[in-house]
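Protein sequence lines, in the order shown, are assigned to chains A and B.
Its first residue numbered 1292, the first sequence is counted upward by one per residue in the numbering used here.
Its first residue numbered 68, the second sequence is counted upward by one per residue in the numbering used here.
Any given hint could turn out to be false.
[Claimed, not checked] Incomplete in silico selection of chain A near chain B, CB under 10 Å:
id, residue
1, E1383
2, I1445
3, N1447
[Said to hold, decoys possible] Below 30 Å or equal to it, Euclidean Cα-Cα: the simulated DSBU-like pairs (lysine-lysine) are:
id, chain 1, residue 1, chain 2, residue 2
4, A, K1444, B, K89
5, B, K73, A, K1304
6, B, K104, A, K1387
7, A, K1387, A, K1354
8, A, K1304, B, K117
9, A, K1444, B, K114
10, B, K121, B, K89
11, B, K69, A, K1303
12, A, K1377, A, K1303
13, A, K1387, A, K1325
14, A, K1377, A, K1387
15, B, K114, B, K104
16, B, K69, A, K1444
17, B, K73, A, K1354
18, B, K117, A, K1303
19, A, K1303, A, K1444
20, A, K1387, B, K121
21, B, K69, B, K114
22, A, K1304, A, K1444
23, B, K104, A, K1441
24, A, K1377, B, K89
25, A, K1325, A, K1379
26, A, K1354, B, K104
27, A, K1379, A, K1303
28, A, K1387, B, K117
Hints in this document: simulated from the structure, not taken from any laboratory.
In this text, all values refer to a predicted model and were calculated from it rather than measured experimentally.
For every residue, glycine included, the Cβ atom is placed at its ideal position computed from N, Cα and C.
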Amino acid sequence: MKTNYLFPNSFKKSSGILFVISLLGIILIPIINKDGNVIQLQSNVFALLYDEGIKTRSMSWIKDDIFPELIGIILILSGLVFAFSKEKMEDEMISKIRVESLVWATYINYAVLLFCIIFIYGLSFFSVMVYNMFTLILFFIIRFHWMLYKNDKIYNHEE
Amino acid sequence: MKNSVKVQRAIANITQAQLAEKIGVSRQTINAIEAGKYVPSTVLALKIAKLFEKSVNDIFELESTD
Chain A
1292 MKTNYLFPNS FKKSSGILFV ISLLGIILIP IINKDGNVIQ LQSNVFALLY
1342 DEGIKTRSMS WIKDDIFPEL IGIILILSGL VFAFSKEKME DEMISKIRVE
1392 SLVWATYINY AVLLFCIIFI YGLSFFSVMV YNMFTLILFF IIRFHWMLYK
1442 NDKIYNHEE
Chain B
68 MKNSVKVQRA IANITQAQLA EKIGVSRQTI NAIEAGKYVP STVLALKIAK
118 LFEKSVNDIF ELESTD
């Protein structure tokens, strides 16, 4: 059997739940937790680069609210595991759908990014970049599962 | 690519689900192959042929568009 670099199917459900929760988190928390007035996790972290006023400094221990970092890490890890864990019956047709979805998601992701580069300016573009960190995996997950669902609907009846 | 999987399956008197299980794919894949919507890999084609005790050429056939 060839290697396919996928996680076991047993990871799928739990990572999916985590992904949805952290996705809601990343969207809702900036609205609810503006300026960190609801949840703050002040912690000592090692920074390769950080800001001090307008100056950029490097290589030091600093104190920072790590809540956004934590959500970002959970979102990326759970997203990766959810996107790339095996289906219950992982066969070559599923692999094909997976690859096609990945190509499609990459195109869409960069199409959206190009659109934003052309039409969004200033500080607003910063949020575009923040969301763009997660959209590739999100587009892939949506497209892959939509195709699986469609595939299931078309071919799941015995002829 | 044309194929006679459905016919062979009828001759062998097995269901899509049974064929799928024997060669280790999902039923949807067998259904898609029979519908001509999915072209199986060489390995899968060989497995199907072996199961029906035929050669791959007896079951799968090139079309002019291939």
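How the hints compare with the structure:
no. : hint              : result
1   : E1383             : 5 Å, holds
2   : I1445             : 8 Å, holds
3   : N1447             : 6 Å, holds
4   : A:K1444 x B:K89   : 23 Å, holds
5   : B:K73 x A:K1304   : 35 Å, violated
6   : B:K104 x A:K1387  : 12 Å, holds
7   : A:K1387 x A:K1354 : 47 Å, violated
8   : A:K1304 x B:K117  : 36 Å, violated
9   : A:K1444 x B:K114  : 26 Å, holds
10  : B:K121 x B:K89    : 16 Å, holds
11  : B:K69 x A:K1303   : 36 Å, violated
12  : A:K1377 x A:K1303 : 8 Å, holds
13  : A:K1387 x A:K1325 : 43 Å, violated
14  : A:K1377 x A:K1387 : 13 Å, holds
15  : B:K114 x B:K104   : 19 Å, holds
16  : B:K69 x A:K1444   : 23 Å, holds
17  : B:K73 x A:K1354   : 67 Å, violated
18  : B:K117 x A:K1303  : 34 Å, violated
19  : A:K1303 x A:K1444 : 21 Å, holds
20  : A:K1387 x B:K121  : 26 Å, holds
21  : B:K69 x B:K114    : 17 Å, holds
22  : A:K1304 x A:K1444 : 21 Å, holds
23  : B:K104 x A:K1441  : 13 Å, holds
24  : A:K1377 x B:K89   : 20 Å, holds
25  : A:K1325 x A:K1379 : 41 Å, violated
26  : A:K1354 x B:K104  : 57 Å, violated
27  : A:K1379 x A:K1303 : 9 Å, holds
28  : A:K1387 x B:K117  : 23 Å, holds
Violated hints, in rising order: 5, 7, 8, 11, 13, 17, 18, 25 and 26; the structure is consistent with all others.
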